[in-house]
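Trainee: Below, each chain spelled out in residue letters.
2 protein chains.
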Amino acid sequence: MRLSVHYDVAIGSRDEAKACSSSECTVTLLRGRGLSCSCRGGGNQEVLDVSDVVILAIPFKHVRQTIEQLSGFEGKIVISPVNPMARSGHFYYDPPAEGSAAEFIKGLLPEEARLVTAFNNIAGNRWRAIDEELDYSVAVCSDDEDAKKTVMDIVNSVSRLRAYDAGPLAVSSIIESITPLLLNIARFNKMKDVGVLFR
Amino acid sequence: MRLSVHYDVAIGSRDEAKACSSSECTVTLLRGRGLSCSCRGGGNQEVLDVSDVVILAIPFKHVRQTIEQLSGFEGKIVISPVNPMARSGHFYYDPPAEGSAAEFIKGLLPEEARLVTAFNNIAGNRWRAIDEELDYSVAVCSDDEDAKKTVMDIVNSVSRLRAYDAGPLAVSSIIESITPLLLNIARFNKMKDVGVLFR
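So the sequences go chain by chain: A and B. Our numbering puts the first residue of the first sequence at 18, with every later residue one more than the last. Our numbering puts the first residue of the second sequence at 18, with every later residue one more than the last.
Mixed in with the good hints, there may be bad ones.
Heads up, the list lumps identical chains together, so a pair's fine if it works in one copy or across two of them.
[As the list claims (entries may be wrong)] Each computed SDA-like pair below joins lysine to any residue, with the alpha-carbon atoms no more than 20 Å apart:
#1 166 - 203
#2 209 - 182
#3 123 - 79
#4 123 - 86
#5 93 - 39
#6 78 - 179
#7 166 - 106
#8 207 - 178
#9 166 - 206
#10 207 - 173
#11 207 - 37
#12 123 - 46
#13 78 - 105
What the hints contain is simulated information worked out from the structure, not anything from laboratory work.
Make a model of the complete structure from these sequences and hints.
Mentor: And the structure:
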C-alpha cells in the first residue's frame, strides 16, 4: 500500500493510551518495511485541535456521544465513513430519521464544519493488510465543493484508490447502504472483505 | 457479447408492431455477425403466456398499469430490473411506500409468481453495444432460492457478467438505489454508462 503524498497523521481515541499504542504499532510496522511516517496518538480533543481533516472512523452508535464531547470543528473538514446498519439474517441499511449517518452528523456539527462522506465501502481488514494494494473506487459526496475536492485528493493519494464525485451530501444514504450490500454479498457467496469498483 | 447458452427470446410490448420491429432488428444484427438466435416479438400477454422467465424491462411509472393488464404470472420467474428514481440537480432514489420497486411489484403479482431482482445496474447503452463485452457484477436477490439460482445462471451466461447472491428480496432497495448513484458518478465525473463490480 502506498501513500504518495506526505500527511501528518494523528490517531485519536477516548482512551489516549489506546491511540498511542495504535500509533506506535503503525510506526513500527512501517519502519520494519523501511518506510517513515508521521503518526502520533492522543485524546480525541487533542487530536481534533491539531487536525485540518478529521475522519470519524467510529460505529454509528457512538457518533452522537463522541461528537457532543468535542468542540472546535469549525472550519475543519470532517469525513464520515459511517454506515448505520443492522442484521436480521441478512444485513440491512438502518439510517436515522435524517436519512443517512452523514445528515445526522451534519446536525451535530457546527454549521462551519465542512462535512464530506467518503471511505464508506472499504472493509477494515483491507486497511490492515498494509502489504497489499487497495484497488477500489471511493464515492465521495458533500455540499462543500472545495472540501470534497480536498478529500478526493486524499483518496487518490492512497494506494490504488480512485475517488469519484458522487454529488451533494444527500447522496450519502446510497453510498452508506452499499456496505450492508457488500456484507451480504460476502456472506452469501463465501467471499471476504468485498469492495466496489465503478467503471 | 456472448450468450453461451441458447435461450428462446420473445420481446413483448403494448405495441405489437414495435416488439416485432425490435425483434427483427435483433435477428438482423446478429445474422450480420454470422450468429443465429431465436427471437420473436408479440403483445405483452402473448409473450407472457409462452415464457418461463419474464423480465419487466419498463420504467417504474409504467409498472402498475403493465402488470394489471396481464394475467398468468403464476409459477413464472419474474425479474425486476426496475429502479424508481427522480432528479433534482442530482439523481436520487425514489422508492414507493413498499420500500423498493421489487416489493411494490410483489404486491401486484399473484403469490405464486417467483420474483427476483436482477440486472438493475447496467446501462441500456451497454446492452445495445453488442460488439462489446459486458464486464460487470450483477447483484441478485429473491425470497425464492430456486428462482434466484435460475436467474443467476442466466446472468452468468451473458457475456462476462457475474451474478452475486445478495440475499432476500428485502435487499432490493439497496440494489435499485445504486443506479441513481451510478448516474451521479457518470454526470459529475464526465463518464458514460457507468456500471459496478464487486470484488
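Trainee: Each hint: holds or not?
Mentor: Hint by hint, here is what the structure shows:
{"no.": "1", "hint": "166 - 203", "verdict": "between (31 Å within a copy, 17 Å between copies)"}
{"no.": "2", "hint": "209 - 182", "verdict": "between (27 Å within a copy, 14 Å between copies)"}
{"no.": "3", "hint": "123 - 79", "verdict": "within (15 Å within a copy, 37 Å between copies)"}
{"no.": "4", "hint": "123 - 86", "verdict": "within (15 Å within a copy, 46 Å between copies)"}
{"no.": "5", "hint": "93 - 39", "verdict": "neither (23 Å within a copy, 55 Å between copies)"}
{"no.": "6", "hint": "78 - 179", "verdict": "neither (29 Å within a copy, 35 Å between copies)"}
{"no.": "7", "hint": "166 - 106", "verdict": "between (38 Å within a copy, 19 Å between copies)"}
{"no.": "8", "hint": "207 - 178", "verdict": "between (24 Å within a copy, 18 Å between copies)"}
{"no.": "9", "hint": "166 - 206", "verdict": "between (35 Å within a copy, 12 Å between copies)"}
{"no.": "10", "hint": "207 - 173", "verdict": "between (30 Å within a copy, 17 Å between copies)"}
{"no.": "11", "hint": "207 - 37", "verdict": "neither (36 Å within a copy, 43 Å between copies)"}
{"no.": "12", "hint": "123 - 46", "verdict": "neither (35 Å within a copy, 53 Å between copies)"}
{"no.": "13", "hint": "78 - 105", "verdict": "within (17 Å within a copy, 31 Å between copies)"}
Of the numbered hints listed earlier, those contradicted by the structure are 5, 6, 11 and 12.
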